[in-house]
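Protein chains: 2
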Amino acid sequence: MSTINFWFDFASGYSYPAMMRIAPLAAQAGVAVRFRPFLLGPIFKAQGWDTSPFNLYPAKGRHAWRDLERVCADLALPPLRRPEPFPQWSLLPARVALVGLAEGWGEEFCRLVFHAEFAEGRRIDEVATISGILAPLTPDPERVLAAARSPPAKAKLREQTQEAEQRGLFGAPTFITADGELFWGNDRLERALTWAVRGR
Amino acid sequence: MSTINFWFDFASGYSYPAMMRIAPLAAQAGVAVRFRPFLLGPIFKAQGWDTSPFNLYPAKGRHAWRDLERVCADLALPPLRRPEPFPQWSLLPARVALVGLAEGWGEEFCRLVFHAEFAEGRRIDEVATISGILAPLTPDPERVLAAARSPPAKAKLREQTQEAEQRGLFGAPTFITADGELFWGNDRLERALTWAVRGR
Chain A
1452 MSTINFWFDF
1462 ASGYSYPAMM
1472 RIAPLAAQAG
1482 VAVRFRPFLL
1492 GPIFKAQGWD
1502 TSPFNLYPAK
1512 GRHAWRDLER
1522 VCADLALPPL
1532 RRPEPFPQWS
1542 LLPARVALVG
1552 LAEGWGEEFC
1562 RLVFHAEFAE
1572 GRRIDEVATI
1582 SGILAPLTPD
1592 PERVLAAARS
1602 PPAKAKLREQ
1612 TQEAEQRGLF
1622 GAPTFITADG
1632 ELFWGNDRLE
1642 RALTWAVRGR
Chain B
1452 MSTINFWFDF
1462 ASGYSYPAMM
1472 RIAPLAAQAG
1482 VAVRFRPFLL
1492 GPIFKAQGWD
1502 TSPFNLYPAK
1512 GRHAWRDLER
1522 VCADLALPPL
1532 RRPEPFPQWS
1542 LLPARVALVG
1552 LAEGWGEEFC
1562 RLVFHAEFAE
1572 GRRIDEVATI
1582 SGILAPLTPD
1592 PERVLAAARS
1602 PPAKAKLREQ
1612 TQEAEQRGLF
1622 GAPTFITADG
1632 ELFWGNDRLE
1642 RALTWAVRGR
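Chains as they are written, first to last, in the working numbering: chain A, 1452 to 1651; chain B, 1452 to 1651.
Each hint should be verified, as a subset may be incorrect.
No copy is singled out in the list; a pair is fine if it fits within one copy or between any two copies.
[Stated by the list, open to error] No farther apart than 30 Å at their CA atoms in a straight line, the calculated lysine-lysine pairs in the DSSO-like style are these: (1) K1511 <-> K1607; (2) K1605 <-> K1496; (3) K1496 <-> K1511; (4) K1496 <-> K1607.
Quick caveat, the hints were computed from the structure, so don't treat them as lab data.
Just chain A, with the same shape it has in the complex:
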């Protein structure tokens, strides 16, 4: 079975529709998905940006929010809530996701975080939000939060972010096939899946 690496940041707007679309589309294509949460912050910083380009370039930002609204409507997702502040600080959910992905409930956790953020307008940097999402997924959210704050979990996210940078990621979502082909953007998901299946 072909595999695709799905790199995303919980703070990233276009990672939201990609997250909501990828599981059924990949299943249909017969492609396994490896979820790879990472942090865009350090990568943006290396490009000289201290925040999202949507904030740095107002005309681009205006279009992006409007476009994302249209994309969500086309997918019949709930009306888009613009996170406040944007971007959200995604460190905590990213660390928790890595714990969950190793334990089997990570994919559902990822979808629920994006839903809380972009459909409900909740803050994903707050422990209360993350605990609430964890409650139905795992018997002991406190244990998970402690594991997410442990040195190995911190190191794992750091390594994952370094790998993203080494692989030439500059934004999210990004899809990378097993043969190393890189596709950037929610609108490239279908193309990335056909590449994963047949190459080219």
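Take the given structure of chain A and dock chain B to it, following the hints.
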């Protein structure tokens, strides 16, 4: 009949597939296309950029060229030639296009310029290239080149570029429907056409 404004810069890589796709897709959708050449340079400058973001941000640029190669291959366009230098200086073809669009041969001229640039690797800032493209389109290329260099033609392109900036354009290609909805990017062409036809 609905109308869509197709804003493009001859220097812009993703304007190339959009230019090659738009006429048949719009005809199929029953949408009239208004061709709007403009210059991205002044708009990039206002954002603090002195060249294309593909040059300013190497990881983004690497992906863009590779992605554009894939897009051209998917459309069965000739293998992509990366313009040298990039971006090309698009002032001359933009002025000539405005003359041609008023005279009825402008759309074919636009397609031929993009083909010369991205399929043949020719310099579109050179008079010889533009004359060669004009030869089969108009009985007197010299007259056209003189008209393109006249003060009214220069003023027209300046106004068009100012209008682009006022409308919030920040890149190319951009599609704007009659009700003012803005779509950025070759990959938004289909969505812009459905909006032009039925709104939303």
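Okay, the hints, checked on the actual structure:
{"no.": "1", "hint": "K1511 <-> K1607", "verdict": "between (33 Å within a copy, 25 Å between copies)"}
{"no.": "2", "hint": "K1605 <-> K1496", "verdict": "within (19 Å within a copy, 40 Å between copies)"}
{"no.": "3", "hint": "K1496 <-> K1511", "verdict": "both (19 Å within a copy, 14 Å between copies)"}
{"no.": "4", "hint": "K1496 <-> K1607", "verdict": "within (20 Å within a copy, 40 Å between copies)"}
The structure is consistent with each of the numbered hints, conforming to all of them.
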